[in-house]
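Peer 1: Residues per chain, in single letters:
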Amino acid sequence: MDRLRALLPSARGDRIRWGLAALLAVTILLVPNLAQVAENAFPDSVSARFAIFLASQALVLGLWATSFNLMLGYTGMVSFAHAAYYGIGAYTVAIIAHNYHQNAVYGLLAAPLVAGAFGFVTGLIALRAVRLYFSLLTLAISQLLFTIAFEWYDFTGGDNGIHNLVIPDWLSDQTTIYYFIAAVTALCLLLMFIVVRSPFGAALLAIRENRQRASSVGLSVKAYELAIYTIAGLFAGVAGGLYAIYDLQAYPQLLYWTTNAQPVVIALLGGTGSFLGPVLGAVIYTYLQNFVGKNYPNEFDIVLGAIVLGVVLIAPGGFVSLPDFFLRLRSRFRRRPEDERVELVESAGQAMAALEVSRAVASSAVQVDPGAAEPAGPDQRATLLKVNGLSKSFGGLVAVRDVSLNVKQGDRHAIIGPNGAGKSTLFNLITGRLKPSAGSVEFDGRTITGWADYRIARAGIGRAFQITNIFPRLSVRQNVQYSMLAYRKVTIRPFGFADRIFREEASDLLESVGLGRYSELAAGQLSHGDQRALELAISIALGSKLLLLDEPTAGMSPYETQKAMELVRRLATERGLTLLFCEHDMNVVFGTAQTVTVMHLGRVLTEGSPQQVRNNPDVQRIYLGELEASA
Amino acid sequence: MDVGNLVLFFLAGLSIAAVLFIVTAGLSLVFGALRVINMAHGSLYMIGAFVSWFVIVHLANALFGFWAALLVAPLITAIIGAVVEIFVLKPVYGKEHLLQLLGTYALTLIFAGLVRKVFGADVRSISAPAALNSSVPIFGHGFSVYQLFLIAVAVLVAGGLYLLLNRTGLGRNIRAAISDPQLLSTTGVNVTRLFTIVFMIGTALAGLGGVLVSPTSSVDPGMDSNVLINAFAISVIGGLGSLVGSLVGAVIVGLILSFGFAYPPTAHYAIAFVFAAMVIVLTIRPWGLFGRAEQ
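First to last, the sequence lines map onto chains A and B.
For the first sequence, counting from 1, position 225 maps to 225 in my numbering; every step adds exactly one.
For the second sequence, counting from 1, position 241 maps to 241 in my numbering; every step adds exactly one.
Keep in mind that a hint or two might mislead.
As a list, the in silico DSSO-like pairs of lysine-lysine whose alpha-carbon atoms are at most 27 Å apart [said to hold, decoys possible]:
#1 A/435 / A/489
#2 A/294 / B/95
#3 A/294 / A/222
#4 A/222 / B/95
The hints are simulated quantities; they were obtained by calculation from the structure and are not laboratory data.
In this text the structure is predicted, and so the values were computed from the model without any measurement.
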């Protein structure tokens with residue numbers, strides 16, 4: 001168990017981080033006083049006014065970069081348009097104060113609304129695309145907005161921008177502005193912190209980890225991405241508004257896409273994996289910019305580039321991951337030489353320890369489940385899934401042709417067939433990842449033909465994938481818990497503490513699939529077999545009535561296979577699940593299935609009890625024959 | 001505006017498209033095979049232009065200098081490309097795509113700083129080589145021979161790339177890498193080296209574009225981001241990873257820019273039209289006109 005503990009997130013690193021956050025808060029409060037003390041001590045080299053100005057700048061940049069990190073760090077979206085919403089915030093304040101002669105503070109209230117509105121509309125366009133195309137589209141949007149700000153002389157002042165803003169008298173003092181900015185920044189950070197820890201934030205993490213899986217646990221991925229894009233734009237608007245208030249200007253360059261380097265560099269500097277990382281990054285950045293950048297502008301760009309490159313290549317965690325880095329370094333030095341071999345995790349320790357058992361199983365005859373061997377009489381059970389004349393063609397290739405299938409309530413139904421028989425395509429049609437060319441699918445009395453995959457997941461069809469599909473950097477418990485949040489539509493709530501909701505229920509479920517002791521481990525560190533078990537747990541967490549398993553034992557050792565199928569049978573019995581699975585391993589098929597459908601070249605060849613299928617001469621010819629011949 | 005003017009703007013648009021095609025083809029080829037968006041592609045174009053300026057001004061007389069630059073600059077950017085691919089991209093293959101974006105983004109900052117440090121921030125200009133520095137009459141207007149030369153070079157590059165991809169073993173491997181790199185590695189092809197070669201071809205094209213554009217526009221440290229934006233727009237319109245897409249996209253963008261700048265009321269917004277076209281195409285076909293839908 002010591003090995004296991006070494007892998008768990010360290011509570012100590014956490015404590016150090018909270019300590020740093022508290023230190024940061026106190027420092028921010030004391031900046032004006034410290035600046036004054038420093039000026040008194042070194043009147044020639046330090047100007048308190050300038051120091052306070054820089055601190056204001058750091059706070060605003062920190063707020064801006066934190067809002068950027070809602071996308072980069074929490075959702076895994078790279079936007080090149082974030083500078084545009086910052087610029088829009090600054091222009092909102094400038095235009096209200098300058099063109100309409102209103103109080104600049106009203107402008108600050110309007111800034112998030114305007115920037116958020118722009119974020120929503122442009123986000124709608126950008127999110128037509130995913131990943132790289134999304135990034136490129138944000139670039140285009142940002143350049144469009146820049147061109148408008150640059151060319152619309154009457155409203156935005158064109159390439160000159162708007163300068164010498166008038167702000168209310170009570171705000172004109174440097175120290176007051178600083179405290180005002182600190183208060184607004186603190187409020188915004190608090191709001192964002194609530195959002196990222198909420199069930200809504202949990203949905204974002206799930207999307208960052210695995211878009212496809214997030215969709216199959218019932219999240220409407222695009223809607224969440226649009227929501228966080230808008231929210232990030234809104235807070236960028238606040239940051240931009242604050243910028244206009246302390247620097248008293250707005251100009252088109254603020255919106256230019258290269259300005260976007262700032263939140264990127266700052267977020268990476270501080271660490272994208274931590275909430276306050278970008279704030280720390282902003283402090284470092286402001287220092288670098290004013291003490292390196294002022295004197296060596298060319299070298300400054302090179303230094304920034306080198307920092308980003310270093311973070312990308314060496315420490316994707318940024319500065320905030322340093323506590324963990326040092327703790328790891330220390331434990332490495334303390335460790336005795338013989339322990340060093342235990343670097344990699346073997347969570348499937350049981351499997352290894354039971355090598356003997358594994359050999360025994362591999363050599364023994366087919367394990368037939370007694371339940372499956374019962375002769376199947378006329379089946380009185382209700383039909384849960386009814387597939388009717390389903391077809392799918394890709395261009396000229398017909399992958400699935402007029403397939404009809406009835407899966408009974410509580411059945412364990414296998415689909416077999418040689419490679420290319422259309423099994424995976426059929427599964428994709430049932431789960432909504434592909435749209436059928438013809439035919440219908442009815443589930444639980446409802447027609448679900450052509451529904452989006454997340455709606456079908458909600459309707460109660462769970463799926464384990466051919467390629468293991470989990471949220472690798474979330475803990476095992478979070479995998480299950482966040483899936484429950486998603487399925488029960490709690491993830492629309494942007495407040496509350498996601499990790500406290502359904503925690504017990506998730507732990508119980510993990511106990512029952514045998515993953516209890518790994519619940520705090522990152523799911524990606526589990527062995528292959530345990531990851532499949534986790535997938536099952538996720539499907540159960542989704543309240544699935546029907547479980548689709550696509551080659552559940554692919555890539556498993558004989559021992560793992562046996563364990564996995566035992567688990568599947570036990571869970572199906574305990575929780576009254578219906579199983580539909582495809583599998584190449586005939587031991588697994590005949591050991592588990594109660595009904596078997598044989599597919600060949602996209603069609604259903606025959607269907608019946610395992611015994612009937614075994615004795616069908618056609619099946620023997622096309623499938624079992626092949627196997628026996630090759631055996 | 002008479003027919004002569006229309007033809008002239010059309011040809012001018014094609015000559016803009018010529019350089020943009022050469023640059024974008026490099027970007028697109030790299031994306032197709034490596035699945036990496038090289039944010040530093042514009043920087044290599046800029047480096048190509050600065051090398052061209054250096055060779056022409058310092059190393060030889062204007063006639064010989066340009067032709068020397070045409071060889072030297074792509075060679076230098078290809079070598080830089082090899083270094084970048086080996087030390088920056090190899091470590092992040094197979095990781096999250098955002099690391100690749102951010103890693104090459106870091107390079108744009110480094111290259112921009114280096115160029116300004118070495119060459120200063122001055123705006124420079126080069127004249128076209130004497131042999132091409134004249135104009136021919138077209139519909140009663142003079143049209144620069146050099147711009148016709150650009151169109152011819154782009155046609156040659158397009159033909160060369162077509163032959164490379166469809167008539168050589170290297171090209172066959174590249175096409176295989178575009179469709180399935182994992183499968184390719186199991187057939188005994190050294191995919192690691194193939195990727196380096198593809199990236200070098202891509203950056204050589206960026207450098208070539210930089211040399212070609214240098215007599216027609218100013219050579220200055222801001223040219224990296226300008227060309228990058230246009231190349232992105234083109235590859236998004238045409239579809240990332242498709243050479244035909246790059247060609248069609250480049251012509252669309254070249255014509256939009258040429259005609260957009262032609263009329264005073266729209267001149268300021270010409271670049272906005274490019275992005276509007278990009279938004280329209282992506283809204284209808286999110287993977288571009290000739291691109292493949294991402295999985």
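Peer 1: Look at each hint and say if it fits the structure.
Peer 2: Structure-based check of each hint:
1. A/435 / A/489: Holds. Residue 435 of chain A to residue 489 of chain A sits at ~25 Å (cutoff 27 Å).
2. A/294 / B/95: The hint is violated at about 36 Å.
3. A/294 / A/222: 42 Å, violated
4. A/222 / B/95: Roughly 23 Å between the alpha carbons, so the hint for residue 222 of chain A and residue 95 of chain B holds.
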